[in-house]
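**Q** Hey, can you work out the whole structure from these sequences and the hints?
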Amino acid sequence: MMTDFFFKLRQASIPVTLTEFLTLLEALNQRVTAHSVEEFYYLARAALVKDERHYDRFDQVFASHFKGLAAHFDDIVGADIPLEWLRKLAELTLSDEDKALIESLGGWEKLMQTFAERMAEQEGRHEGGNKWIGTAGTSPFGAYGYNPEGIRVGQEQSRHRRAVKVWDRREFRNLDDTVELGTRNIKVALRRLRRFAREGAAQELDLDDTIRSTARNAGYLDLKMVPERHNAVKVLLFLDVGGSMDDHIRACEELFSAARGEFKHLEYFYFHNMVYEGVWKDNRRRYTEKLDTATVLRTFSPDYKLILVGDATMSPYEITYPGGSVEHFNPEAGDVWLGRLLTAWPHAIWLNPQQQNRWSYVPSIQMVRELMGERMYPLTLEGLEQGIRALQRAR
Amino acid sequence: MTQNRFRGTERYVATDDLMMAVNAAVTLGRPLLVKGEPGTGKTQLAEEVASALNRPFIQWHVKSTTKAQQGLYEYDAVSRLRDSQLGDARVQDISHYIVQGKLWEAFISEVQPVLLIDEIDKADIEFPNDLLLELDRMEFYVYETRQTVKARQRPIIIITSNNEKELPDAFLRRCFFHYIRFPDKDTMEQIVRVHYPDLKKRLLSEALEAFFEIREVPGLKKRPSTSELLDWIKLLVAEDIPPEALRGDQRKAIPPLYGALLKNEQDVHLFERLLFMSRRKKD
Numbered sequence: 092m093m094t095d096f097f098f099k100l101r102q103a104s105i106p107v108t109l110t111e112f113l114t115l116l117e118a119l120n121q122r123v124t125a126h127s128v129e130e131f132y133y134l135a136r137a138a139l140v141k142d143e144r145h146y147d148r149f150d151q152v153f154a155s156h157f158k159g160l161a162a163h164f165d166d167i168v169g170a171d172i173p174l175e176w177l178r179k180l181a182e183l184t185l186s187d188e189d190k191a192l193i194e195s196l197g198g199w200e201k202l203m204q205t206f207a208e209r210m211a212e213q214e215g216r217h218e219g220g221n222k223w224i225g226t227a228g229t230s231p232f233g234a235y236g237y238n239p240e241g242i243r244v245g246q247e248q249s250r251h252r253r254a255v256k257v258w259d260r261r262e263f264r265n266l267d268d269t270v271e272l273g274t275r276n277i278k279v280a281l282r283r284l285r286r287f288a289r290e291g292a293a294q295e296l297d298l299d300d301t302i303r304s305t306a307r308n309a310g311y312l313d314l315k316m317v318p319e320r321h322n323a324v325k326v327l328l329f330l331d332v333g334g335s336m337d338d339h340i341r342a343c344e345e346l347f348s349a350a351r352g353e354f355k356h357l358e359y360f361y362f363h364n365m366v367y368e369g370v371w372k373d374n375r376r377r378y379t380e381k382l383d384t385a386t387v388l389r390t391f392s393p394d395y396k397l398i399l400v401g402d403a404t405m406s407p408y409e410i411t412y413p414g415g416s417v418e419h420f421n422p423e424a425g426d427v428w429l430g431r432l433l434t435a436w437p438h439a440i441w442l443n444p445q446q447q448n449r450w451s452y453v454p455s456i457q458m459v460r461e462l463m464g465e466r467m468y469p470l471t472l473e474g475l476e477q478g479i480r481a482l483q484r485a486r
Numbered sequence: 066m067t068q069n070r071f072r073g074t075e076r077y078v079a080t081d082d083l084m085m086a087v088n089a090a091v092t093l094g095r096p097l098l099v100k101g102e103p104g105t106g107k108t109q110l111a112e113e114v115a116s117a118l119n120r121p122f123i124q125w126h127v128k129s130t131t132k133a134q135q136g137l138y139e140y141d142a143v144s145r146l147r148d149s150q151l152g153d154a155r156v157q158d159i160s161h162y163i164v165q166g167k168l169w170e171a172f173i174s175e176v177q178p179v180l181l182i183d184e185i186d187k188a189d190i191e192f193p194n195d196l197l198l199e200l201d202r203m204e205f206y207v208y209e210t211r212q213t214v215k216a217r218q219r220p221i222i223i224i225t226s227n228n229e230k231e232l233p234d235a236f237l238r239r240c241f242f243h244y245i246r247f248p249d250k251d252t253m254e255q256i257v258r259v260h261y262p263d264l265k266k267r268l269l270s271e272a273l274e275a276f277f278e279i280r281e282v283p284g285l286k287k288r289p290s291t292s293e294l295l296d297w298i299k300l301l302v303a304e305d306i307p308p309e310a311l312r313g314d315q316r317k318a319i320p321p322l323y324g325a326l327l328k329n330e331q332d333v334h335l336f337e338r339l340l341f342m343s344r345r346k347k348d
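Going line by line, the protein sequences match chains G and Z.
Quick note, the first sequence lines up with residues 92 to 486 if you use our numbering.
Quick note, the second sequence lines up with residues 66 to 348 if you use our numbering.
No lab work stands behind these hints: they were computed from the structure.
Please read all numbers here as calculations on a predicted model, not as lab measurements.
Every residue, glycine too, gets a C-beta built ideally from N, C-alpha and C.
Among the hints, erroneous ones may be present.
[What the hints assert, rightly or not] Among chain Z residues calculated to face chain G with C-beta under 8 Å, some are:
(1) 86
(2) 143
(3) 234
(4) 240
(5) 243
[As the list claims (entries may be wrong)] To give a feel for the contact side, a few chain G residues facing chain Z, derived at Cβ under 7 Å:
(6) 108
(7) 110
(8) 134
(9) 141
(10) 312
**A** See the structure below:
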């Protein structure tokens with residue numbers, strides 16, 4: 092039973108290793124738990140899962156594996172809908188207006204009721220059942236998954252605290268956001284961008300200077316210290332989201348989480364298709380929480396390196412004409428803004444997840460490439476390396 | 066066995082899962098890695114475990130310049146060199162210049178101690194890797210004096226991280242892990258009760274309401290957490306603020322003494338702007 096559980100966890104791509112599994116068995120052997128499922132769940136989680144982003148997946152595997160066992164305790168009212176799946180669906184089927192509409196309607200209560208009713212009718216918690224709700228397609232439930240409010244599904248459930256088992260509450264689902272696997276290669280590529288500079292307090296012995304001043308000091312030791320070297324590179328990351336970028340989410344996520352691990356001074360912003368007067372930091376609040384691009388331009392000093400990530404696939408009007416944006420009326424054209432960015436941060440590259448051999452067929456890619464002064468690179472390891480090299484060149 | 070079980074203390078409310086993680090780590094003698102939002106009591110936890118289990122408490126605060134070696138020992142070559150120039154007799158014995166680190170201290174302690182390695186993510190990426198063997202075997206070798214320092218008993222090690230850097234897998238594999246979730250309203254009430262037992266019920270619920278409201282404000286740079294709430298309540302009590310002043314709907318301005326909750330200017334501005342906008346909507 093335990094071994095099955097172990098393999099199921101691995102199948103769910105939670106990085107569990109044998110060592111950790113043995114630790115769990117050892118803990119069981121030493122009677123750390125007092126024979127309650129709940130305690131066992133806590134113990135297993137502490138021993139096997141080492142990252143809160145995997146908590147949610149662990150909860151799901153645990154629920155499915157020990158379902159029979161848990162059923163002996165209480166009746167289970169649990170909804171197990173892969174949120175990711177719903178969100179994906181919503182992203183594909185709903186236009187931005189729809190999303191705004193749903194947000195503004197405030198008809199959530201009613202929506203929730205229907206939802207709850209349908210949930211109650213549904214018996215299986217697993218695949219078949221989920222699909223049943225999921226394939227409602229343009230039904231409100233898809234939207235439910237997209238919307239930040241959608242997370243409330245779980246919260247609604249947990250009002251019935253007593254009936255829902257801890258692992259069925261799935262409280263950690265929004266931690267499971269930036270799935271990162273295999274970012275090592277990207278990290279290594281990004282590492283090239285490191286530039287070490289001496290900063291901060293004097294901590295290290297400066298041997299040359301010490302010898303020199305000791306000699307000058309008639310042989311008496313005169314210590315000289317220098318500050319240690321730190322990675323002093325600062326990076327601004329602008330990410331295109333939504334629309335045609337949906338196909339490249341995975342690559343961008345990997346880049347993003349690698350960059351987050353690698354740089355101390357990293358600021359990121361989102362835009363759609365082209366940078367205009369507003370950017371945002373949180374995709375869910377993109378309409379309410381817009382930041383002035385002008386402010387961003389003023390805030391960060393020219394020694395920041397600028398990395399734009401986008402497929403640059405759009406209508407040429409979005410680049411050259413005021414009011415060309417698909418989302419709102421932009422008083423100034425995209426190329427004006429891009430020009431401003433490039434003046435503010437001369438060290439800049441554009442990473443394009445679109446396959447390189449298709450670039451020449453898309454006019455807007457050509458235009459952006461020209462604006463960037465040919466500094467557009469494919470979002471592959473090789474492209475990244477070329478890009479990093481370009482960033483390092485003095486301009 | 067029972068004496069070795071951690072159940073929270075008078076000043077610290079521990080959830081079930083946290084207790085289990087601590088107890089498992091104590092029983093098996095493995096390090097416990099604790100993560101969570103700043104201000105949710107990660108560092109506090111180690112102190113409370115020490116006091117609950119009645120153990121000596123050793124703290125090792127990690128900074129960006131901290132090296133793993135410093136936790137073991139440091140060889141002070143510089144003062145030895147200086148002493149040799151001054152003709153000090155101590156120079157002959159190298160062990161005078163070996164400075165014991167926190168880990169060494171924990172290893173040779175008479176009673177099993179609680180060792181806190183605080184904010185391990187602040188250090189260099191390689192820091193946790195450099196401690197792998199030491200934490201695994203609980204021993205290390207001192208090259209200068211050719212001796213092996215072995216732990217008398219495996220210390221209880223609690224490591225905290227703020228998630229600024231990712232920790233290497235090999236390191237994680239050796240630890241138990243717990244993520245301190247931000248407490249829900251019930252737990253929060255319990256926590257406040259523990260700290261301020263005679264707080265008026267109304268003030269508490271109004272304060273909690275206002276607090277969770279502020280936490281919900283989108284785009285805050287630093288969302289206030291438990292420790293900020295406790296500070297704020299302390300101020301509210303000290304200034305004798307009536308509960309009515311905290312009421313959300315009719316509130317005309319940001320809550321009194323907001324300085325305890327919102328820690329930077331931009332957040333205060335943001336909050337003021339949102340209030341302004343919501344007022345304008347009503348008019």
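**Q** For each hint, tell me whether it holds in the structure or not.
**A** Hints versus structure:
Given the 8 Å rule on beta carbons, the hint for residue 86 of chain Z holds: about 4 Å separates it from the nearest Cβ of chain G. A cut of 8 Å between beta carbons decides the hint on residue 143 of chain Z: the least distance to chain G is about 7 Å, and the hint holds. The closest approach between the C-beta of residue 234 of chain Z and any C-beta of chain G is roughly 7 Å, which is under the 8 Å cut-off, so the hint is satisfied. A distance limit of 8 Å between C-beta atoms decides the matter here; for residue 240 of chain Z the minimum to chain G is near 7 Å, and the interface restraint holds.
Using the Cβ-Cβ criterion of 8 Å, the hint placing residue 243 of chain Z at the interface with chain G is satisfied: the shortest such distance is roughly 6 Å. Interface hint at residue 108 of chain G: satisfied, since its Cβ lies 6 Å from the closest Cβ of chain Z, which is below the 7 Å cut-off. Taken as an interface hint, residue 110 of chain G checks out: its beta carbon lies about 5 Å from the nearest beta carbon of chain Z, inside 7 Å. Given hint, residue 134 of chain G at the interface with chain Z, holds; its Cβ is 5 Å from that chain's nearest Cβ, closer than 7 Å.
Of the supplied interface hints, the one on residue 141 of chain G holds, with its beta-carbon coming within about 4 Å of a beta-carbon of chain Z, less than 7 Å. Checking residue 312 of chain G against chain Z: minimum C-beta separation of about 6 Å stays under 7 Å; hint holds.
In terms of the numbered hints stated before, the structure departs from none.
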